[in-house]
Amino acid sequence: KAGVTQTPRYLIKTRGQQVTLSCSPISGHRSVSWYQQTPGQGLQFLFEYFSETQRNKGNFPGRFSGRQFSNSRSEMNVSTLELGDSALYLCASSLSATQYFGPGTRLLVL
Amino acid sequence: TQLLEQSPQFLSIQEGENLTVYCNSSSVFSSLQWYRQEPGEGPVLLVTVVTGGEVKKLKRLTFQFGDARKDSSLHITAAQPGDTGLYLCAGASRGTSYDKVIFGPGTSLSVIP
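Respectively, the protein sequence lines represent chains A and B.
In the numbering used here, each number is its position in the first sequence, counted from 1, plus 13.
In the numbering used here, each number is its position in the second sequence, counted from 1, plus 68.
Isolated chain B (complex conformation) (with noise of 0.2 angstroms):
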């Protein structure tokens, strides 16, 4: 059975502050996905990476994906208060016909003003 861990399962900071969060499985992935979730609203995705090694930027967010295809994380530089959130990683492995999707349990970061 493939399963995706994260880490930390909840961190609190202070606004400004740097963050990295972690998700890692022993399984390889295809391609790896994360998503930020806030309370009452489905997840949002915010980046999809595909090749081992890859760095993605958005902003303020830096996720990187291992080079074997088994983890990857998500680093937040001066975290701000709308940063709070759930966050979500999710892998994809290839099936015969289709991919199939696990998601990881999440991350809840808190941001404090």
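Here chain A stands alone, though its shape is the one from the complex (with noise of 0.2 angstroms):
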């Protein structure tokens, strides 16, 4: 079986522009969550989706939007980039309680 996949792996943004990041999940997985990882504070949760439904939402501004789409391929945007959403974005899918990752987008904004 496929892992996760994410798209793209690297991107570099400048302060106010929008992006949007792209997650595969393992085939069956219904489950999508999102992480931000910054080195000073570990895995945020930002939020998890499951059949095309938002079930659980972090503590992320609203400028942090997702969604996910009926073949469980989900999306996630962040509009008006600030400096400190540099980070490396990570999603997860799961069929029950364990998460499988997969490797990540790392995005810098100038």
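Bear in mind the hints are in silico, worked out from the structure with no lab data behind them.
Check the hints yourself; a few may be wrong.
Distance condition first, Cα-Cα at most 27 angstroms in a straight line; then the derived DSS-like pairs of lysine-lysine [stated by the list, open to error]:
#1 B:138 - A:70
#2 B:125 - A:14
#3 A:14 - B:124
Anything over 10 angstroms on all C-beta distances counts as not near chain B; from chain A, calculated [stated by the list, open to error]:
#4 30
#5 44
#6 56
#7 86
#8 96
#9 98
#10 110
#11 116
#12 117
Computed Cβ-Cβ distance ranges for the label pairs, DEER-style [said to hold, decoys possible]:
#13 B:168 - A:54: 15 to 25 angstroms
#14 B:71 - A:15: 31 to 41 angstroms
#15 B:85 - A:66: 41 to 51 angstroms
The beta carbon of each residue, even a glycine, is placed where N, CA and C say it ideally should be.
Both chains are sitting in their own frames, so use the hints and assemble them into the complex.
Put into structure tokens, the structure is as follows:
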């Protein structure tokens, strides 16, 4: 079975721009979660989608949004980028409690 | 609010030494996972433990789930440079219709050749 894939792997944007990241879960997994990881903050939970519905949300501003499609693929969008949004964005898919992570998208905001 | 704590936060040891890292909470978990993450990559699942008191071994790594299912430990025997990375634990709790997962802050391990 193919693992979780994320595109793009690396991205450079400037402040004020917006960005869309994509995640394809393991086949058969209906839950997709997104995390932001920075060196000082560890894994911060953004949101979780299941069957195209957001069922959990972390404490991030409304500039961070996401969606899930009928094939379980998910996208997250960050609008009006700030320098502090520079991070590794990870997505994870799961069937039950155990989450399987993709390689991440490294976003650098200049 | 559920919290998972990990200790130590940082660990630097010589190749060949043994070490133990801990994952603690005041909450009871239905299962607990350990992951290892290398810089710039996603966390890789090492093990899932589900039964209180359970011990699982993966080569030189030994994982234990506490009897009360609130804590866990990871013991590495004869550490090697390839063990270097960030070790994360994650606890899952049963909700009304699905599991909720929380992650600890991680233990950063450096094994010096």
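Status of the stated non-contact between residue 86 (chain A) and chain B (beta carbon gap over 10 angstroms): holds, 17 angstroms
Status of the stated non-contact between residue 116 (chain A) and chain B (beta carbon gap over 10 angstroms): violated, 5 angstroms
Should the hint that residue 71 (chain B) and residue 15 (chain A) are 31 to 41 angstroms apart at their CB atoms be regarded as holding? holds, 34 angstroms
Just checking, residue 56 (chain A) versus chain B, shortest CB gap more than 10 angstroms? Not fine: 5 angstroms to the nearest Cβ puts residue 56 (chain A) too close to chain B.
Grab the minimum beta-carbon distance between residue 44 (chain A) and chain B and tell me whether it stays above 10 angstroms. Per Cβ check, residue 44 (chain A) is inside 10 angstroms of chain B; nearest 8 angstroms; violated.
Holds or violated: residue 125 (chain B) to residue 14 (chain A), with C-alpha atoms at most 27 angstroms apart: Holds, because 24 angstroms separates the two Cα atoms, which is no more than 27 angstroms.
Beyond 10 angstroms from every chain B Cβ - status for residue 110 (chain A): violated, 3 angstroms
Holds or violated: the 15 to 25 angstroms window for the beta-carbon distance between residue 168 (chain B) and residue 54 (chain A)? holds, 20 angstroms
Quick one: work out the minimum CB distance from residue 30 (chain A) to chain B and report holds if it exceeds 10 angstroms, violated otherwise. holds, 22 angstroms
Looking only at beta-carbon atoms, does the pair residue 85 (chain B), residue 66 (chain A) fall within the given range of 41 to 51 angstroms? Because 48 angstroms falls inside the window, the suggested range holds.
Quick check for students: does the CB of residue 96 (chain A) sit more than 10 angstroms from each CB in chain B? Since the minimum Cβ distance to chain B is about 20 angstroms, residue 96 (chain A) lies beyond 10 angstroms and the statement holds.
Whether residue 117 (chain A) stays farther than 10 angstroms from all C-beta atoms of chain B, as the label says: Non-interface label on residue 117 (chain A) violated, nearest chain B Cβ at 5 angstroms vs cutoff 10 angstroms.
Of the numbered hints listed earlier, those contradicted by the structure are 5, 6, 10, 11 and 12.
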